[in-house]
Amino acid sequence: MSETAAVLELRNLRKLFPAGRSGIWARTSEFVHALDGVDLRLEKGEILALAGESGCGKSTLALTLMGLEKPTQGTIWFEGEDVTRQSRAGRQRLCRQIQMVFQDPYESLNPLMTIGEIVAEPLDVHRLAQNREERRGRVEKALEEAGLKPAHIFMNRLPHELSGGQRQRVVIAAALVLEPEVLLADEPVSMLDVSIRAEILNLLAELRERRGISVLLITHDLATSAYLADRVAVMYLGRIVELGETQAVLESPAHPYTQALLSVIPVPNPRKRRERIILQGQPPNPVHVPAGCRFHPRCPKVMERCRVEDPVLAAVGAGSHQAACWLVSGGGSDE
Amino acid sequence: MKPVTGQKTLLSVRHLSVGYESEGKLLPAVEDVHFDLREGEVLGLVGESGCGKTTLMLSLLRLLPVAGRITRGEVRFGGQDLLDLSETEMSQVRWRDIAMIFQGAMNALNPVLPVEQQISEAIRRHDASVSAAQATRRVEELLEMVGITANRKDQYPFQFSGGMRQRVMIAMALACRPQVLIADEPTTALDVMIQAQILELLLELRERLGLAVILVTHDLGVVAEICDTVLVMYGGMTAEYSDVDRVYNHAVHPYTQNLLKAFPDLSQPNARLISIPGYPPRLDALPSGCRFSPRCPAAFERCHQETPGLYTVEEGHTARCFLVEGKV
Amino acid sequence: MSAVTTTSFGTIWRSARRNWMALAGLSMLAAAVIVAVFAPLIAPYDPKADLKVSIDDIYAPPSAAHWLGTDDAGRDVLSNFIYGARVSLIVGFFASFISVFIGGTIGITAGYFGGRVENILMRITDIMLVIPDLPLAVVLVALTKPSLMNIILVIGLLGWTGTARLVRSQTLSVKERKFVLRAKAIGCGHFHILRRHIFPLVLPLLVANTVLVISLAILEESTLSFLGLADPTTLSWGQMLNFAFTRGGVSAGAWWALIMPGLGIVWVVLGCTLLGQGLEQVLNPRLEWHHLSVGPKMVARGAKEERP
Numbered sequence: 001m002s003e004t005a006a007v008l009e010l011r012n013l014r015k016l017f018p019a020g021r022s023g024i025w026a027r028t029s030e031f032v033h034a035l036d037g038v039d040l041r042l043e044k045g046e047i048l049a050l051a052g053e054s055g056c057g058k059s060t061l062a063l064t065l066m067g068l069e070k071p072t073q074g075t076i077w078f079e080g081e082d083v084t085r086q087s088r089a090g091r092q093r094l095c096r097q098i099q100m101v102f103q104d105p106y107e108s109l110n111p112l113m114t115i116g117e118i119v120a121e122p123l124d125v126h127r128l129a130q131n132r133e134e135r136r137g138r139v140e141k142a143l144e145e146a147g148l149k150p151a152h153i154f155m156n157r158l159p160h161e162l163s164g165g166q167r168q169r170v171v172i173a174a175a176l177v178l179e180p181e182v183l184l185a186d187e188p189v190s191m192l193d194v195s196i197r198a199e200i201l202n203l204l205a206e207l208r209e210r211r212g213i214s215v216l217l218i219t220h221d222l223a224t225s226a227y228l229a230d231r232v233a234v235m236y237l238g239r240i241v242e243l244g245e246t247q248a249v250l251e252s253p254a255h256p257y258t259q260a261l262l263s264v265i266p267v268p269n270p271r272k273r274r275e276r277i278i279l280q281g282q283p284p285n286p287v288h289v290p291a292g293c294r295f296h297p298r299c300p301k302v303m304e305r306c307r308v309e310d311p312v313l314a315a316v317g318a319g320s321h322q323a324a325c326w327l328v329s330g331g332g333s334d335e
Numbered sequence: 001m002k003p004v005t006g007q008k009t010l011l012s013v014r015h016l017s018v019g020y021e022s023e024g025k026l027l028p029a030v031e032d033v034h035f036d037l038r039e040g041e042v043l044g045l046v047g048e049s050g051c052g053k054t055t056l057m058l059s060l061l062r063l064l065p066v067a068g069r070i071t072r073g074e075v076r077f078g079g080q081d082l083l084d085l086s087e088t089e090m091s092q093v094r095w096r097d098i099a100m101i102f103q104g105a106m107n108a109l110n111p112v113l114p115v116e117q118q119i120s121e122a123i124r125r126h127d128a129s130v131s132a133a134q135a136t137r138r139v140e141e142l143l144e145m146v147g148i149t150a151n152r153k154d155q156y157p158f159q160f161s162g163g164m165r166q167r168v169m170i171a172m173a174l175a176c177r178p179q180v181l182i183a184d185e186p187t188t189a190l191d192v193m194i195q196a197q198i199l200e201l202l203l204e205l206r207e208r209l210g211l212a213v214i215l216v217t218h219d220l221g222v223v224a225e226i227c228d229t230v231l232v233m234y235g236g237m238t239a240e241y242s243d244v245d246r247v248y249n250h251a252v253h254p255y256t257q258n259l260l261k262a263f264p265d266l267s268q269p270n271a272r273l274i275s276i277p278g279y280p281p282r283l284d285a286l287p288s289g290c291r292f293s294p295r296c297p298a299a300f301e302r303c304h305q306e307t308p309g310l311y312t313v314e315e316g317h318t319a320r321c322f323l324v325e326g327k328v
Numbered sequence: 001m002s003a004v005t006t007t008s009f010g011t012i013w014r015s016a017r018r019n020w021m022a023l024a025g026l027s028m029l030a031a032a033v034i035v036a037v038f039a040p041l042i043a044p045y046d047p048k049a050d051l052k053v054s055i056d057d058i059y060a061p062p063s064a065a066h067w068l069g070t071d072d073a074g075r076d077v078l079s080n081f082i083y084g085a086r087v088s089l090i091v092g093f094f095a096s097f098i099s100v101f102i103g104g105t106i107g108i109t110a111g112y113f114g115g116r117v118e119n120i121l122m123r124i125t126d127i128m129l130v131i132p133d134l135p136l137a138v139v140l141v142a143l144t145k146p147s148l149m150n151i152i153l154v155i156g157l158l159g160w161t162g163t164a165r166l167v168r169s170q171t172l173s174v175k176e177r178k179f180v181l182r183a184k185a186i187g188c189g190h191f192h193i194l195r196r197h198i199f200p201l202v203l204p205l206l207v208a209n210t211v212l213v214i215s216l217a218i219l220e221e222s223t224l225s226f227l228g229l230a231d232p233t234t235l236s237w238g239q240m241l242n243f244a245f246t247r248g249g250v251s252a253g254a255w256w257a258l259i260m261p262g263l264g265i266v267w268v269v270l271g272c273t274l275l276g277q278g279l280e281q282v283l284n285p286r287l288e289w290h291h292l293s294v295g296p297k298m299v300a301r302g303a304k305e306e307r308p
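These protein sequences, in sequence, are chains A, B and C. Quick note: the first sequence uses full-length UniProt numbering, first residue 1, plus one each step. Quick note: the second sequence uses full-length UniProt numbering, first residue 1, plus one each step. Quick note: the third sequence uses full-length UniProt numbering, first residue 1, plus one each step.
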């Protein structure tokens with residue numbers, strides 16, 4: 001496979017959902033192209049931010065990686081092994097390696113289970129603890145690793161007794177208890193109060209430092225990714241349109257979509273009010289993906305070629321920075 | 001964008017305090033808040049969940065939930081104290097003078113009625129003399145004003161995207177030509193690009209109609225982008241109130257200072273984000289002294305015992321912190 | 001698991017205490033249960049005891065010896081009434097247990113798995129729902145031997161459709177909650193998710209529904225007995241009515257033989273209905289709101305101003 005240590009690699013991943021409601025007799029020929037050929041590598045110990053607007057396919061990508069949706073086409077590789085189509089047992093094993101942190105900590109905990117039961121549940125499901133002491137020990141360790149110290153005071157509490165930040169830590173603890181290699185964090189802080197977001201982000205950074213965990217941070221907020229991520233991937237209508245080191249992408253975005261997206265992110269400084277590139281309307285319906293470059297109907301720099309040919313990711317400059325745009329891959333001097 | 005703000009003060013809030021009755025006790029949700037709103041001004045009301053921002057706004061319109069009580073203060077609008085008005089008079093003020101877009105309201109549109117019908121009903125309910133045809137014309141005008149082509153007026157809410165539904169809500173709020181528009185977290189559930197579109201629309205409307213806007217949000221970035229003045233609230237009280245530049249660049253209250261450091265700034269990607277230790281106070285368990293004192297890095301003995309007053313840092317800049325009192 | 005039940009039922013109990021309907025219903029039902037359980041201690045006569053009957057003892061009006069008079073066989077109406085509570089309640093409890101079990105299983109399975117499973121199960125439910133219960137029950141009971149067991153089975157096997165639909169819709173809403181998705185992400189199997197995450201959240205509603213089903217079962221048993229389809233040797237309120245009607249109670253003007261079993265049925269059915277509806281009131285507003293969504297009160301008041 002690959003020479004470098006990619007923990008997770010996606011090759012040409014596609015996921016189509018039948019469009020419209022299908023009854024018993026209805027056959028549908030139209031499909032939502034939720035993922036439309038995604039190539040992505042997550043390196044060992046890396047934090048990769050996957051940014052994009054809602055409906056761009058980033059959540060479908062997370063569910064597909066978790067094995068909760070089956071890809072229509074393409075392959076998923078985990079540590080050099082093709083894990084796309086797995087037996088039940090194989091999926092269970094993979095499940096321990098890839099864990100997920102959800103967006104809404106108020107909804108993602110069962111209100112009737114105590115914190116101790118919630119964090120112990122993965123151990124019970126995977127039969128990982130030999131006895132009660134081991135189980136309790138591992139639960140306490142995971143809680144403390146997630147910053148809920150001392151763990152024993154949380155064990156018998158119920159989710160509603162905890163604040164949003166604490167609940168998100170419980171979700172993280174329940175993921176950590178399986179000692180996964182990869183953490184998929186789907187908007188982990190967007191539901192939290194501003195003053196405590198940083199502690200959850202810092203916790204993720206700390207876990208990477210301490211345990212070499214790889215994190216795929218799914219977010220619509222590039223400012224948050226900028227703070228945490230090593231690399232950023234920008235997604236539009238089911239495909240990665242720009243990819244590179246965080247600093248390179250944020251300082252010199254190559255794709256017009258990234259440029260627009262960056263320009264509208266509010267900066268908390270009134271002295272830095274900038275010209276915003278406001279794209280009108282919203283992303284097209286993923287049932288009818290535009291021909292040519294999928295961004296061309298909204299692109300302020302659209303050229304003739306964009307309407308016909310679909311650009312692929314091409315190198316921007318010398319580094320690993322890539323963008324799928326004809327302005328980058330040549331022939332695009334007529335700006 | 002600057003010169004739009006006129007000199008005429010539309011709304012003037014003094015000593016406003018609101019509480020919620022709970023099991024025989026009155027829990028203070030808002031205490032002693034002051035602010036002014038001038039013509040064409042965009043005021044940002046910032047704070048975390050439970051800090052009383054929504055309660056404050058609802059009390060301006062006297063739309064508090066059943067347990068809510070306004071305990072003190074005045075809300076002056078055009079020389080009138082709104083708190084003295086009868087319920088009938090107050091219902092004339094709502095919508096006609098002050099309109100509010102409620103948090104999440106865009107998801108509360110009636111799903112079985114076309115948007116035109118929903119807006120025109122609102123118009124005709126407030127002014128019975130308007131004929132059906134006039135109302136329809138007004139709806140078309142309003143929709144165009146918020147950037148929706150008039151021929152979509154017969155569509156149903158589900159045919160609109162989130163951003164478009166928010167535009168419908170804005171059109172509905174503007175139906176009776178109010179002077180003040182209160183928008184409670186209008187962009188919270190929307191994508192950044194749609195958020196930018198909505199914010200742009202609010203700025204445009206203020207320019208065109210001289211509308212004064214109170215923008216309730218937890219997003220410091222949004223406030224910095226479009227507001228003229230900022231009121232930072234913490235635990236039901238004003239933490240700091242001034243124009244946007246002074247709040248962001250010369251904040252004096254430790255809460256404002258730390259909140260700014262907790263918010264990721266794309267223009268300074270390498271700055272370390274801090275979080276404020278602890279959690280915002282609950283109404284039923286307020287700390288003694290300054291409400292921020294348990295989480296405040298600069299707190300000293302006095303902060304835990306006395307509640308600081310609202311001190312003036314300089315003309316047009318107030319903060320509720322003992323550190324300021326010492327300086328002035 | 002103990003923590004689970006204590007918390008959920010603890011909260012329900014706290015709110016139920018403030019709900020007069022639930023409290024009244026509970027007391028009425030409790031009174032009936034006490035009467036049934038302690039029947040031998042309360043009843044002045046043993047209805048099964050051999051009795052020498054003279055003509056004056058038949059349909060004798062209320063007197064000091066027989067407070068509520070006697071019936072067509074000269075037996076004490078009050079004692080019959082007290083013992084009859086046993087049969088009515090036994091049928092009510094067991095039949096509703098059967099129908100709630102069937103309805104619950106079908107509803108939770110259909111709601112959770114969806115798709116074809118749901119389609120098939122819900123069509124079966126619909127078919128059961130459109131067949132009128134009573135005629136079918138009459139036919140089934142008539143075809144089998146009249147016994148208490150058969151009555152319980154027939155009522156139980158026919159009465160589950162409402163429960164199935166209710167449980168299905170509750171399951172549909174619970175399974176969309178994010179903690180169910182998180183459980184799948186952890187690697188939990190379907191059975192585990194149903195047991196730990198779905199069932200405990202459907203349970204309170206199921207309990208409230210059971211109480212309502214009990215009242216329906218008692219009514220149905222009374223109806224069947226009244227129509228003479230029950231085992232003539234078991235004494236239930238419906239049976240008492242049947243005897244009074246078919247054996248000249250009406251023409252004898254023996255109102256006492258008719259009113260008591262009727263009142264008993266009304267009492268228990270009313271108690272169940274009050275308790276069930278009270279519980280539903282307590283349970284339904286338990287929608288969980290979190291800080292970023294609009295509270296129910298705020299919507300109501302805001303909406304009133306906004307959308308006439």
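No lab work stands behind these hints, which were simulated from the structure alone. Treat each hint with caution, since some may be false.
[Claimed, not checked] Each pair of labels, with its calculated beta carbon distance range:
| hint | chain 1 | residue 1 | chain 2 | residue 2 | range |
| --- | --- | --- | --- | --- | --- |
| 1 | B | 90 | C | 134 | 55 to 61 Å |
| 2 | A | 149 | C | 207 | 37 to 43 Å |
| 3 | A | 212 | C | 176 | 52 to 58 Å |
| 4 | B | 150 | A | 156 | 58 to 64 Å |
| 5 | B | 24 | C | 31 | 30 to 36 Å |
| 6 | A | 259 | B | 141 | 33 to 39 Å |
| 7 | A | 190 | B | 312 | 51 to 57 Å |
| 8 | A | 156 | C | 207 | 22 to 28 Å |
| 9 | B | 92 | A | 190 | 38 to 44 Å |
[Unchecked claim] Partner residues aside, some chain B positions facing chain A, computed with beta carbon under 8 Å:
| hint | residue |
| --- | --- |
| 10 | 116 |
| 11 | 245 |
| 12 | 274 |
[Claimed, not checked] In silico lysine-lysine, DSS-like type, Cα no more than 27 Å apart, as pairs:
| hint | chain 1 | residue 1 | chain 2 | residue 2 |
| --- | --- | --- | --- | --- |
| 13 | A | 141 | C | 178 |
| 14 | C | 178 | A | 149 |
| 15 | A | 70 | C | 175 |
| 16 | A | 141 | A | 44 |
| 17 | A | 149 | B | 25 |
| 18 | C | 48 | C | 145 |
| 19 | A | 70 | A | 44 |
| 20 | A | 272 | A | 301 |
| 21 | A | 70 | C | 145 |
| 22 | C | 184 | A | 70 |
| 23 | C | 184 | A | 44 |
| 24 | C | 175 | A | 141 |
| 25 | B | 261 | A | 272 |
We put the CB at the ideal spot given by N, CA and C, even for glycine.
*asked:* Let me make sure I understand: some of the numbered hints might not hold for this structure. Which ones are they, in numerical order?
replied: 3, 7, 10, 17, 21, 24
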